[in-house]
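Novice: Protein sequences appear in the order of chains X and R. Residue 364 is where the first sequence ends in this note's numbering, and the numbering goes up by one at each step. Residue 586 is where the second sequence ends in this note's numbering, and the numbering goes up by one at each step.
A portion of the hints provided could be inaccurate.
What the hints assert, rightly or not - Dumping the calculated DSS-like pairs for lysine-lysine here, alpha-carbon to alpha-carbon at most 27 Å:
#, chain 1, residue 1, chain 2, residue 2
1, X, Lys233, R, Lys189
2, R, Lys555, R, Lys534
3, R, Lys189, X, Lys276
4, R, Lys116, R, Lys86
5, R, Lys488, R, Lys295
6, R, Lys488, X, Lys239
7, X, Lys212, R, Lys586
8, R, Lys116, R, Lys351
9, R, Lys8, R, Lys520
10, R, Lys189, R, Lys370
11, X, Lys215, R, Lys491
12, X, Lys239, R, Lys182
13, X, Lys224, R, Lys116
14, X, Lys212, R, Lys470
15, R, Lys402, R, Lys351
16, X, Lys311, R, Lys8
Rather than coming from a laboratory, the hints here were simulated on the basis of the structure.
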Amino acid sequence: MTELKSSIDFAKIDKILSDCSYEKTNLITILQKVQEIYKFLPEDAITYIGDKIEGLSPATVFGVATFYAQFSLEPKGKYEIKVCDGTACHVRGSLPVLEAIKAKLPMENGKMTTKDGLFSVETVSCLGACGLAPVVVINEKVYPQMTPEAIEVIIDTLIREEAN
Amino acid sequence: MTENNKKTLFINDIEVEFDKEKSILEVAKKAGIEIPTFCYRPDLTQFGACRMCVVEIEKRGIQASCTMPPEAGLRVYTNTKKVRKIRKTILELLLAHHDRECTTCSKSGSCELQKYSFEYGITNIPFEKIKEEDFIPIDSSSYSIQRDMNKCILCGACVRACREFQGLSVLDFYNRGYRAKVQTMANKNMFDVDCVNCGQCASVCPTGALTVKSNIDMVYDLLLDREVKVAIQFAPSVRVALGEMFGLKAGENSIKKMYAAARKLGFDLVFDTNFSADLTIMEEANEFVQRVVKNENLPIFTSCCPAWVRYMELKHPDMLNHLSTAKSPQEMLSSTIKEFAPKFYEGVTKENLKVVSVMPCSAKKYEAKREELKGQTDVVLTTVEFAKMIQTEGIDFNNLKEEEANSPFGGYSGGATIFGASGGVAEAAVRTAYNMITGKNLENLDIQPLRGVDSSSRSKEAVVDIQGKKIKIRVVSTLIEAEKAIKEIKEGKADFQMLEVMACPGGCVNGAGQPISCKDARIKEDRMEGLYKEDKNLAVRNSHENPEIQKLYKEFLETPGSKLAHHLLHTTYSDKRKGSYLDLK
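With the rest of the complex left out, here is chain X (with noise of 0.2 Å):
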């Protein structure tokens, strides 16, 4: 990641930070803010946050960025797909749904974003909505009821804008 060292700008890092009034109680805030620029977390942010904020250090806020599944290390994709594994998903068949979105975009071994950084697959637990079951969410918008040929359709479609 040290490639994108320069690609980070300390300065909107800092008004994060200066906005959670570089609070150590309020890190989880300040990091979804920063995935939110950076659709993830860089490592020299993250260095950058536990060296600012006192009682933080690198290390704990590594460690706090690596316990919570919605913080990521790597780069997401344009189009994060969400599905959702919650009980009711899990058994209305939220599993077949996953494998056909693996099928359809293929990743490297142990990454979870395609290889030209379109989409970003992961599983979620509950999302709240189980009267939809199966569900998926790309990007904040809902997709219910879905079904392994659904998916792709749908899929299909975003590629077909993005090559617009």
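Position chain R against the provided structure of chain X, taking the given hints into account.
Specialist: Just chain R, lined up with the frame of chain X:
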């Protein structure tokens, strides 16, 4: 306390009184029952991570005794069938995920996991062994600390030590659940992060995951080399701790046996770091007096602790002017003897003299490698490493005949010996600074408010009246306390003129190179008492009255702070934040 507010509970049906104990584990200890534990450390917050200390309590079931507060009337059982079964399973589960190559582990013999596994008769692990491809590479990048995460049991003692003692949190938990690990920022090497090498993480580690690096082999190489003369020096606090490795009580002073052991091991010259502690005081007290006269760069910061010096260089490079430029006693002795020993000892030349130091400290290993101090101290051993050499060579330590150090460069005052405890450096410096200003000695040499190494004594102050001028001294141990003092200075609230800092809680007596003491907070206090006892009993208690020191100045150095003294005994500091991983933008 009156009879009616006495509180008691029962441990294995024996009635035990309790008062300020915070947990069942501590009450049991008082009753003479040592409950097994990995993560309980009296000087750290209780964590309840390892669950090894479980006990069965009537009507409460199974509880972790380290986090369960005592209550009157509780009936606690420490050794039921259920408790034993749970502890065995805990050990089996820990061992399943542990690199069990005990014979080649540097913690072998003092490892708590090894000890309990033996005591609980673990002979078979019913779980799959850790796979070869899952091995994590060992991090030996640091000069002071080795990190082998294949031995980690996630007790969190190191994480707490780094956070609660030093405020650094160089190590922290990473990830969660099965994938949780203790690691540095993004798993960088210890050398590349802002670790100050204090080694407290290693001294609280129950296994071989974090250990102080060993340099014993380098010493054997020197001793076998016929071309070189090898000198040894012993730091103040080593003398009251080394004996513990041979069954002596903590605080018992065995320095004269250590001199004898060193000669038996083949060292040509036996010196004492205490001599150069006196020299440090001469230079530092003089520097302090000069700064007070000129009213500049105050408060002065002591510079004996290399972990503290590195902390300043990393965290407050804008305040390096406060640090005394005097080298630490280890480095002062090395440069003094390399310069002057050839004049006193036959066959010794500047080129063929090598210096080995025995330190209570892991950071001293780093100090000897500092660019500014290169080529002075050749090898640094810890107290434990030197004891190991004595054991390896089969020397019957307890029955050794006491010997004296070589003179010159071996004699010392009481002011030097108390360097090993938090507050000792400041006390010795004040004794000599007072004399430098007034020409007289302090009426009462004991500066009681600066003494004490327990957890309530990590920040102490004393005011000394020197010719009507009130000099206030702040003494801190642990860097988290040092940081508070620095904050006061930055905010303009500091009213003290001298700041003594030792990074380890309680000072060098509790350093990471000392025998294990993390389970008993008393040990460092016993060691401290041993040092003040020696100070009390020595004929010469002021550094400036050490005849060898007086001779050194008379014959060579002239006065403290002279050109030659500056060249030999002082050093420089630099901004080490620059170029570090913290140096972004």
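Novice: Hints first: check each against the structure and report whether it holds.
Specialist: Against the structure, the hints:
no., hint, in the structure
1, X:Lys233 - R:Lys189, "25 Å, holds"
2, R:Lys555 - R:Lys534, "30 Å, violated"
3, R:Lys189 - X:Lys276, "23 Å, holds"
4, R:Lys116 - R:Lys86, "17 Å, holds"
5, R:Lys488 - R:Lys295, "24 Å, holds"
6, R:Lys488 - X:Lys239, "36 Å, violated"
7, X:Lys212 - R:Lys586, "12 Å, holds"
8, R:Lys116 - R:Lys351, "47 Å, violated"
9, R:Lys8 - R:Lys520, "25 Å, holds"
10, R:Lys189 - R:Lys370, "21 Å, holds"
11, X:Lys215 - R:Lys491, "24 Å, holds"
12, X:Lys239 - R:Lys182, "25 Å, holds"
13, X:Lys224 - R:Lys116, "40 Å, violated"
14, X:Lys212 - R:Lys470, "51 Å, violated"
15, R:Lys402 - R:Lys351, "31 Å, violated"
16, X:Lys311 - R:Lys8, "59 Å, violated"
Against the hints set out earlier in the document, violations occur for numbers 2, 6, 8, 13, 14, 15 and 16.
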